[in-house]
Amino acid sequence: MSGKSFLIISRSAPYGSSAARDALDVALTCAVFEQPVTLLFMDDGVLQLLAGQDPQPIGQKNLNAVQQSLPLYDIERLCVCRASLDARGLETQQLLLPVEAVAAEAIAQLIAEHDVVLSI
Amino acid sequence: MSGKSFLIISRSAPYGSSAARDALDVALTCAVFEQPVTLLFMDDGVLQLLAGQDPQPIGQKNLNAVQQSLPLYDIERLCVCRASLDARGLETQQLLLPVEAVAAEAIAQLIAEHDVVLSI
Amino acid sequence: MLFSIVVHAAPVQNQGADTALRFARAVLAAGHGIYRVFFYRDGIHNGSALSSLPPDEANIPAQWQALAAEHGLDLVVCIAAAVRRGMLNAEEAQRYDRSSSNLAPGFELSGLGQLVDACLQSDRVITFGGRS
Amino acid sequence: MLFSIVVHAAPVQNQGADTALRFARAVLAAGHGIYRVFFYRDGIHNGSALSSLPPDEANIPAQWQALAAEHGLDLVVCIAAAVRRGMLNAEEAQRYDRSSSNLAPGFELSGLGQLVDACLQSDRVITFGGRS
Amino acid sequence: MTLHTLNQGPANRSGLESCQRALQAGDTLLLIEDGVYWSLPGLPCGLELPPQVQLCALEADLQARGIASLAQPVDDAGFVDLCLCHERIVSWF
Amino acid sequence: MTLHTLNQGPANRSGLESCQRALQAGDTLLLIEDGVYWSLPGLPCGLELPPQVQLCALEADLQARGIASLAQPVDDAGFVDLCLCHERIVSWF
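Same order as they appear, the protein sequences are chains A, B, C, D, E and F.
Our numbering puts the first residue of the first sequence at 1, with every later residue one more than the last.
Our numbering puts the first residue of the second sequence at 1, with every later residue one more than the last.
Our numbering puts the first residue of the third sequence at 1, with every later residue one more than the last.
Our numbering puts the first residue of the fourth sequence at 1, with every later residue one more than the last.
Our numbering puts the first residue of the fifth sequence at 1, with every later residue one more than the last.
Our numbering puts the first residue of the sixth sequence at 1, with every later residue one more than the last.
One chain only, chain A, in its complex shape:
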């Protein structure tokens, strides 16, 4: 089985839908299959990485815990769309994990660098 590089684009806020968690599940599965995977957070997806989440009152699992496990799975390249951060008044320092803020011009390049792109 030949290897491929995966880019997973996650554009949804956490908890309002299962999309954020579903994207993480796909990323972790890629890692278990030892395929290189990059996560790109765009639009409301950047809100997934805010620290201090506590979804116990809405009966969901804390995504911050899953996110913190990403480096253990060798998922180390986390990119966030700079324009999406700006539009929400956020700085990368407010996020749970170290991320690469990607300018609009660089997103096409990021896509072109990967063999498979999965949107979730």
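Just so you know, these hints were derived from the structure itself, not from any lab.
There could be a bad hint or two in this list.
As the list claims (entries may be wrong) - Which residues of chain F face chain D? A partial, calculated answer using Cβ under 8 angstroms: (1) N7; (2) E17; (3) I32; (4) P73; (5) D76; (6) F79; (7) L82; (8) C83; (9) L84; (10) C85; (11) I89; (12) S91.
Said to hold, decoys possible - Ranges of calculated distance between the beta carbons of each label pair, as one might list FRET restraints: (13) C:S99 <-> A:L72: 37 to 47 angstroms; (14) C:A80 <-> D:S99: 23 to 33 angstroms; (15) D:M1 <-> E:Q72: 56 to 66 angstroms.
As the list claims (entries may be wrong) - Chain D stretches covered by chain A per the calculated footprint, using a threshold of three residues with CB under 8 angstroms from any CB of chain A: (16) 45-55; (17) 59-66.
It should be emphasised that the depicted structure is a prediction, and the values quoted were computed from it without experimental measurement.
We put the CB at the ideal spot given by N, CA and C, even for glycine.
Use these hints to put chains B, C, D, E and F onto chain A, whose structure you have.
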């Protein structure tokens, strides 16, 4: 059973989801129960009223046919959000049925005039 | 006061089903009544008898059933939306010649007229939506 | 060329399921292969054995089954997404102690690894989404 | 007087805009689910409400998402109270 | 070179904007489902594409919605061909 007036707000384009059809089904049911019903089309919902639809190639039923039956059910008050039309470069003359174009300031009033508001 | 609750959101994929359930509990806890909960569009999946979750995740259909059993709630699933999406009770399974049914006990299939009736009978109607 | 198709959209509520089906037919008509169709998120409802539509409306699960029977397609439904949403085969129904199952013949429940495998084995992967 | 609920986040700007058009003095806007992100303190081009419209946000959803909010927090019982003291509820989603 | 599909209509402006950011010369944008409304002739503040990006729209979806389009119409077979002549496909929804 006391009567109430119903406002149904429909904000989705036709065919991409079932929302447009589901809103019409609710409106027709209100009419069958002889309750006065007003339809308000906002956002992409105004696109439901474009004439000349032919969804046969995508395997769906033509909503234009259902819309044309609305007057037969005494559903005669069809309102469209003027700002939503403008944002899509549309005029009321391009729409299938005679409609009342409602300015932004008048939408709150329209809501206040009805007992029950259902969003679909 | 008498409430009716309309649910368009499917469990698991959308938070709206859980928000509706919490709202229903709060209504009852405050001593108000719930005339009906009406499930429409993808919200019909709230009535699934087959939803199977790990023990540490919320089983929304089971929670509706428990709440209905405790408070005698009227849980109505839109029949037209349900049969199209593969949610059948025994009667509809027979009508469509399917070998099994999957609507959970405590839920009832009925027409959109039950939504209009709920609006007429209740002091307040609130919808919990998904998207699209 | 070898394609894999990923479907996130549920039938009835979203057009994406029908678009995916038409795309699959066009791929086969052009003489290409389909390695796998993978159903994820609310797309798992494409595998329903109980979807019941009026004769003049498209039954998407039945159309997938027919296409699979004709062309030997591998239709894989994400097991984790499916069981949470109440889509079970006989084996899972037994595991979760449910009285019936509702996954249509021709569909198989399996893990997300089958999605990654499909991406690795196919020349092109395309996703048909719903919303949220 | 109408209670409006909004459950869509900043990516769904048309959800907010439609809701804003429908607000009038005496109404309340309750942010729920992903809608609570509209009350993020730093949000540029965020919420502008007509005069005499109250802004609330569901507490459980704020806590879940880890955001400090500019809106009046409301618990589930408060959500029910808001329904009682308005004549109707309009849901924006 | 990447094929992008977009299935969201004008109400979902962030869907279009994200897709636009991701386009580069040699890419193709195929409008499908409600995405075909972005090719409405009169649409103000509509589609702006980088140079050398081709715009197509799925024919069945144009016909269904009754719109005359500014985009190159493509049938289902043409959709498959577009997949062949691009290295990867990115879906925006």
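Going back to the hint list, which numbers does this structure go against? Those not satisfied are hints 2, 4, 7, 10, 16, 17.
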